[in-house]
Amino acid sequence: MIFNLKTYLSKNYSASPLIIFRIGFGLMMLYSIIRFWAKDWIYTLYLQPKFHFTYYGFEWVKPLGNLTYLLFFICGLSALFVLIGFKYRVAIITFFLSFTYIELMDKTTYLNHYYFISILSFLLIFLPANSSFSIDSYLKKKSYRLVPKWSIDAIKLLVSIVYVYAGLTKINSDWLFKAMPLKIWLPSKYDLPFIGETLMQQNWFHYAMSWSGMIYDLTIPFLLLYKKTRWFAFGLVVFFHVFTGILFPIGMFPYVMIVSSLIFFEAGFHHKIILFLKRILNYFFKLKQKIVVKEIYNFKHQKTTIIVLSLFFIVQLFLPFRYALYPNELFWTEEGYRFSWRVMLMEKMGYANFKITNSKTCDFFYVDNQDFLTPLQEKQMSFQPDFILEYAHFLGDHFKSEGHTNIQVFVESYVALNGRSSQPFINKNVDLYQQKEAFNPKEWILPFNDEIKGL
Amino acid sequence: MLKNISLLIIVLIIVISCSKEDDTSDLGNNDDFNRKAMLSNIADNIIIPSYQDLNTKLGVLVSTKDDFIADPNTENLSALRTSWLNAYKSWQFVEMFNIGKAEEISYHFQMNIYPTNDDDIKSNIAIGGADLEHPNNNDAVGFPALDYMLYGTGNTDFDILNKYTIDPESENYKFYLSDLVVQMKSLTEIILNDWTSSYRDVFINSTSNTATSGFNQFVNDYIYYYEKGLRANKIGIPAGNFSSNPLPNKVEALYNKESSKILALDALNAIQNLFNGKSYNTNSLDSSFSDYLNYLNKSDLVTLINNKLDLAREKINLLDDDFSMQINEDNTKMTNAYDALQTVVVLLKVDMLQAFNISVDYVDADGD
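Residue numbers (my numbering), protein chains in the order written: chain A, 1 to 455; chain B, 1 to 368.
Wrong hints could be hidden among the right ones.
[What the hints assert, rightly or not] One-sided excerpt, in silico: chain B residues whose CB lies under 7 Å from chain A:
1) N205
2) S244
3) N283
4) L285
5) R313
6) D351
7) Q354
8) N357
9) D366
10) G367
[Claimed, not checked] Straight-line Cα separation of at most 16 Å, EDC-like style, residue types lysine to aspartate or glutamate; simulated pairs:
11) K89(B) / D291(B)
12) K156(A) / E59(A)
13) K39(A) / D66(B)
14) K278(B) / D291(B)
15) K107(A) / D153(A)
16) K122(B) / D167(B)
17) K428(A) / D339(B)
18) K36(B) / E197(A)
19) K107(A) / E59(A)
20) K355(A) / E329(A)
21) K228(B) / D371(A)
22) K36(B) / D291(B)
23) K355(A) / D179(B)
24) K228(B) / D368(A)
25) K379(A) / D366(B)
26) K355(A) / D368(A)
27) K189(A) / D32(B)
28) K50(A) / E266(A)
29) K101(B) / D131(B)
30) K107(A) / D397(A)
31) K189(A) / E443(A)
32) K185(B) / D66(B)
33) K355(A) / D371(A)
34) K379(A) / D368(A)
35) K436(A) / D386(A)
36) K122(B) / D66(B)
37) K250(B) / D321(B)
38) K442(A) / D371(A)
39) K107(A) / D366(B)
40) K36(B) / D191(A)
Calculated from the structure, these hints are not laboratory results.
Even for Gly, the Cβ is constructed at its ideal location relative to N, Cα and C.
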């Protein structure tokens, strides 16, 4: 059985899994936006802070004042349009752009699952997820029974990358041989009923959770792919994500992953859901319009799409390994840490005390971070070097505008990683105001006096 | 598929073999830590006795104030000053407990906001009958206002006494002095009664690990007080650590001129006693943060925190009784004391909070 690319690309499969995925995705996203709005996080995370931490190269992406609410509204509306399959291509492009813009506004709120949603919505731009059971097909009076098989496999591939890479990152000495950081996190869940005072306090349980988490991540895509283990695997997916959802404040992530895993099921399963949904819709709307069901959805630019998506997946496969280009401990410097499916790998806390010095007179004073940052921003800033650098520049500029001269910005900072004692983090003799953000290794981060082996 | 199964089996074998090897580095936490017992000790042996003591000392302050107003003479002034200092020292042991009723009625803002604003005080005296609870008057009431009333209204004791005797506004002075003391006493009674009647039970049962639970707030407040109330207000701000120049007029007990060191040392003792669970009245030790850290296998951290607090105490002991004098003559000793206090901030805020795995105050957002 030799794999033939041409034959593979010309294979077709029922459109149902893709349709259900579109509906599930739209629903999750619509709910996420409403939830975010209802918790007033638009204000507390994007409007209240006086200063925002930007991504390198995307410094121009900033909250838009009160228009930020409009941005969220557009994002939620486009999610609704995706859900019902109305003007799908425009809707999913709008969703991708607005959601990604929101995420780029402040890296304080970076979460791997937000990044997952961003790239997943990018992928969905290229897939015919409105080819049937959508407003688009209703209006055009045309729907398609089959879509190219690769368009469904592309989603499976992305979901598999997330799991497998998350599993690979857990193969490190802290996670496996010290059960860190679960050893810190689980005992603090002492107030859970039944298991809080018992299981959560057990040493063996911390190790069991660490190892099974790693094995789960590495194997679950394969168990989902293989028909005989699929239902078992889905049971595991539900259990694992609901359990971690109870343990940790991870918001929508468990539900996004549970819904995503449905893509692995066979067409018959999705078909049943669609029939069920149709029955409900017919009950309410009595739709009479005849829709012509065509056999195969034809891509207009299949070749270009395949090339774009191949590049997309190549980037996805290599980006998480960029950390290997940096000389120092990844967990310590976090150079190449984001966008790599490193989920809940570290318990890191820091303290950063900034000192503004006049280089001529050597007078100095300390900064009260609460004057400029929210508690969440201060927490994130205190252990991530790129945050510290950006904040140092902000402070320098701020005090310059207040009339200070010959400004130097120093920081005395300490970080504790995975239960180790706190140790000095940034070289306190380096004037950060003179340092520039770049992809180069940051020389002013002090060495990590320990070793974490592994990927 | 066969590959996957064999991979699974290999990994499982590794799990079993490795988990056996690696048991030496960590001892299991097999028995559970009793948080309720810890909070009970803190409430029953530290917080409530501290408030009771403060309440008693304020009672003495009220009666010496009555004596002084009835007969403003040197002897009564001296007695009043002594009872003011005793109550102020006692206050240092409750200042970190800004929770429950105290937080609700802004108790702390009405007891020890310094530097006090003598212009506000003077105008309050002139008008008479000022609303002492008004936020605008936070810097014109409490211990710092009394500091001004007892030491700052004149250059000599003779001048000060004159304010209460022959000054055209002497009745107003007496009235304001009396109001200040009565207000402090009644506020403290409210807090103490709340603790003894209902809040004690709320507090000791509030052991859950959420941002709003009693224990988490308590730890956060404790660290906040150490960092802000003690480190910054008492030492750092006057020493000029947060400004271009030193600010000697921002010391605690500015007009008294001989007590800022005693008060700072008491505040440091209060911090350390709570950390070690030392009873306010008997010096016996019981469950507190140090025991919790020991339970979490962090006894090194307990030793380190205690050593660094001792070191900070040594540095403060080198200072003049009057911090403003110290700042004007040799501010380096002040900044040295600040640096010594600073080292403990890191241990409390980073190492201890990480060990307790307590969320930083009210951070509300999803995590990863």
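Query raised in the report: Against which earlier hints does the structure fall short, listed by number upward?
Result: 1, 3, 4, 5, 11, 12, 13, 15, 20, 23, 28, 29, 30, 31, 36, 38
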